[in-house]
Amino acid sequence: MNVENKIAKNTKGQIEVLEAVVIRFVGDSGDGMQLTGTQFSDTSAMFGNDVATFPNYPAEIRAPQGSLYGVSGFQVHIGSMEINTPGDDVDLLVAMNPAGLKTNLYAVKPGHTIIVDTDSFTKKNLEKAQYKTNPLEDGSLANYRIIEVGMTTLTKEALKNVDGLDNKSITRSKNMFALGMVYWMYHRAREHTIDFINKKFKSKPEIIEANTKVLNAGYYFAETLELIPNAYTIVPAKMAPGTYRIIMGNAATAWGFLAAAEKSGLELFLGSYPITPATDILHELVKHKHFGVKAFQAEDEIAGISSAIGAAFAGDLAITTTSGPGLALKGEALGLAMMIELPLVVVNVQRGGPSTGLPTKTEQSDLLQAMYGRNGESPVIVIAASTPSNCFNFAYEASKLALEHMTPVILLTDGYIANGSAPWKIKTVDEMPEIRNNKVSEIKENFHPYDRDQKSLARNWAIPGTPGLEHRVGGLEKDKVTGNVSYVPENHEYMTKIRAEKIKRVQNYIPEIASEFAQKGDLLVVGWGGTYGSLYTAVKQLNDDGFTNIGYAHFNYINPLPKNTEDLFKKFKKIIVCELNNGQFVNVLRIHFNGFEFLQHNKIQGLPFSNSELTEKFKQLVSVSE
Amino acid sequence: METTAIKQYTFKDFASDQEVRWCPGCDDYVILRSMQKALPEMGVKKEDVVFISGIGCSSRFPYYMDTYGMHGIHGRAPAIATGVKLANPNLSVWVITGDGDSLAIGGNHFIHVLRRNIDLNIILFNNEIYGLTKGQFSPTSLVGQKTKSSPYGNTQPPFSPGELALGAGARFFARVGGNTPKEMTTIFIESEKFKGTALVEILQNCVIFNDGCFTQYTDKAVREDKQLYVEHGKPMIFGKERDKGLVLNKLKLEVVTIGENGVTQEDILVHDAKDSDPTLHQMLVRLDYPLITGIIRSFDDITLGEREDDLTAAVKFNSKFKKTNDLFFSGETYEVK
Ligand code: SF4
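Those protein sequence lines, which keep their order, are chains S and R. Going by this note's numbering, the first residue of the first sequence is number 1, and it counts up by one from there. Going by this note's numbering, the first residue of the second sequence is number 1001, and it counts up by one from there.
Keep in mind the hints are simulated off the structure, nothing from the lab. Warning: the hint list may mix true and false statements.
To be verified - Under the rule of at most 27 Å between Cα atoms (straight-line distance), these lysine-lysine pairs were calculated in the DSS-like manner: (1) Lys-199/S - Lys-1323/R; (2) Lys-1046/R - Lys-439/S; (3) Lys-1046/R - Lys-289/S; (4) Lys-1046/R - Lys-425/S; (5) Lys-1320/R - Lys-204/S; (6) Lys-238/S - Lys-1322/R; (7) Lys-1322/R - Lys-289/S; (8) Lys-1320/R - Lys-427/S; (9) Lys-1323/R - Lys-200/S; (10) Lys-1046/R - Lys-202/S; (11) Lys-425/S - Lys-1322/R.
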């Protein structure tokens, strides 16, 4: 896809109407690129576009200025059609320095546009970016449309009459110049950003004035600049009517728990330890003491989950949040929660592994850890969210399943959807499904803590403070009736099987898997978790191009799998399982369904799938069969 | 208060139907019985009592109490108990732990729970050995001690639980011999009354793997001469003849004899458990003659729960968010028609 393909036919005057455009802002960590990108995407969403964003920042908090590894980027994909990914090919790159240009040029297709701040292309910065010659002068960018702007100088010029600004504040506002230019190019209004500036710098009128002036200066500069031959606009997307907001995956996860707590009438307890990229869930939930949220920052990962187990024992909706290495540390405690059969949600925002791995990059390589990473036979429910906004639904669903089935639930998200943002059609608690729980409140004759619901096998939840139901639980094997410690061989086998059966029966309570696009045919594309946007977009494009024999099944429920999974697989000649790991879900499927040949497509680069790699792969598979 | 409505329990009300499985002669029996006797005196409802333990001989304790209880995982009881207490501040929450459980594998949770001063009671059964795994040295075993994992003598210097605890900010620390149930019962009752993390170290004899490790202090014949049982507001006097006492000589505690060298009872230090400054408490904890037992420190301080409650009340009062909908529809939303 390039700009030309995206230009719709109804070009009128100078304004070209596009279906979708991908813009990437890159610069030094201190250049304010995250803010610039967020402003652009929020403004576009309010204009009515569908948007998807993806921040890409260095692992170092303050990397040396101008260095290649200190580059911070923010990609925005906006469209008048459905947008499911932050996009592959960048239509417009805004590079605030040489290092940003160098590390991001790969994403820009020849013919596309790059805006550079020429003032930052100094000898020193070029050296830091390891350029031997200046790319703006040596002809290496001949295939791109380069727009050279002395942004630092123009920013200084715009601010020469503003008092009370130091040099640093002046240069720091040059991101607003870039934003102003891009706003003009895409016919975006500046009001939202001006409001934002006014709120953010309430107590600093000189900064408000400076940022507003520079934003306007960039806007008018672009207007008068002959170097920009065309302006583009993206018309509003067709989205279901309703009230929307832009939400990041991690915030959506946090809000899903808030909704579940309110619906279930329980208090929400979070025990957590900071870890990238999961910490934003903690950041979000600590704010909400007004809803009675108890967010406890513990001394380590183990204390995070252990405190949550304590809170679950005492009757709260208890959750703990982490990423891969943290899940490894939580393994033993998770086994305890499974053994005691307490409701508990563990969120793992997956990142590149193993060990410390790639903390700020995305990957789906904790699936097997989630499934099997505990001692003994210890099955738990595993589900996965697939978009930034449906993190809300799956956090809610994880809470519901944990409470209704008295078991730990692992919710997998990943850095890609957790940090990405998208429009969310706001859900009210009223429209969410009921959440029951298994609390017993009155004194029963012959109460036993391990009495089970006949259908779901969920046990009783008798919480401390309830008279007459005093009982002990623990990690030792317990008698199937009384719950007392038992070393009886047959009892252990019985209990092991009933714990497994309880999880298996969750199948009766979750939706069946369905194929999007072809219902039967030559190829079924299978994905799970955060790859939904990429896979959906690729399969849709192929279907639009006439490959109507390709179906797509995306799994949000991993353990147990939907009941009809095998039936669906039977309807396709070939099945390809696509994952951002070395092949984990595919092996889970092989264990369950050994009559099928599962092809694989795997990527382990800390990056999402690109559209072209997927469409090429799928095309090959269907053409070979013909 | 509602204490009037509390049924008068006896120790039997707190005994579960489970057969107690510690080795015959183990001090753990004394501790169990003392706890069962102390609970009816505390004015708490049985259903509000929760025992949380880790792993080890001591950690079987919750199974023998007819209260709510959880036998957790190794070292993590303070963290689990923290969750229980934060979830329901009305509960009386007890952590049962040993020297290996709390000072080795659970060391991190141990220091942090003390630092936060959450309203829990921690009963540390210190027997200076690993019992359940059959006799390895623990973080309180002495240098030179021969154990299954130190056949030529232990080379790792020990922690003093009290010193570590005070260093971590403990507001309440008591020490008591495993063979003095009366004192133990009193201390349990006091630790429940105390608002904050109350740590009780019990010098617990393990008859199987470390028999007699505290005999030099706890044996009935020497106890009064070797132990000083401190009480807040009382002079620190000990000895069968009640003629020995502690004075401060420069920066050291010194044992003096009343009636000798012109020393009178007035010269003896009066114990101030409630002093916010733990310096003297640290000195008492370090003393090995006499060994200090009783409530060494009991400093009333704001608890984690109180801090959290105050903050929550303030945030709730000032917040415009009453229901999640208020939040979800707040700030920047937009309409799609
Ligand atoms: S091994 Fe020692 S501590 Fe454990 S029960 Fe036996 S005597 Fe008591």
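Checked hints:
The suggested pairing of Lys-199/S with Lys-1323/R holds, with an alpha-carbon distance near 24 Å, which does not exceed 27 Å. Using a Cα cut-off of 27 Å, the hinted pair Lys-1046/R and Lys-439/S holds, with the two alpha carbons roughly 19 Å apart. Among the hinted pairs, Lys-1046/R with Lys-289/S is inconsistent with the structure: their alpha-carbon atoms are about 30 Å apart, more than 27 Å. Among the hinted pairs, Lys-1046/R with Lys-425/S is inconsistent with the structure: their alpha-carbon atoms are about 48 Å apart, more than 27 Å.
Distance hint between Lys-1320/R and Lys-204/S is fulfilled; the C-alpha atoms sit about 26 Å from each other, no more than 27 Å. Between Lys-238/S and Lys-1322/R the alpha-carbon distance is near 33 Å, which puts this suggested pair outside the 27 Å criterion. Simply put, Lys-1322/R and Lys-289/S have alpha-carbon atoms about 11 Å apart, close enough for the 27 Å limit, and the pair holds. Between Lys-1320/R and Lys-427/S the alpha-carbon distance is near 19 Å, which keeps this suggested pair within the 27 Å criterion.
Between Lys-1323/R and Lys-200/S, the direct Cα distance comes to roughly 26 Å. Compliance with the 27 Å bound is thereby established for this hinted pair. Proximity of Lys-1046/R to Lys-202/S is assessed by CA-CA distance (about 55 Å); at most 27 Å being required, the pair is judged violated. With a CA separation close to 21 Å, the supplied pair Lys-425/S and Lys-1322/R stays within the 27 Å bound.
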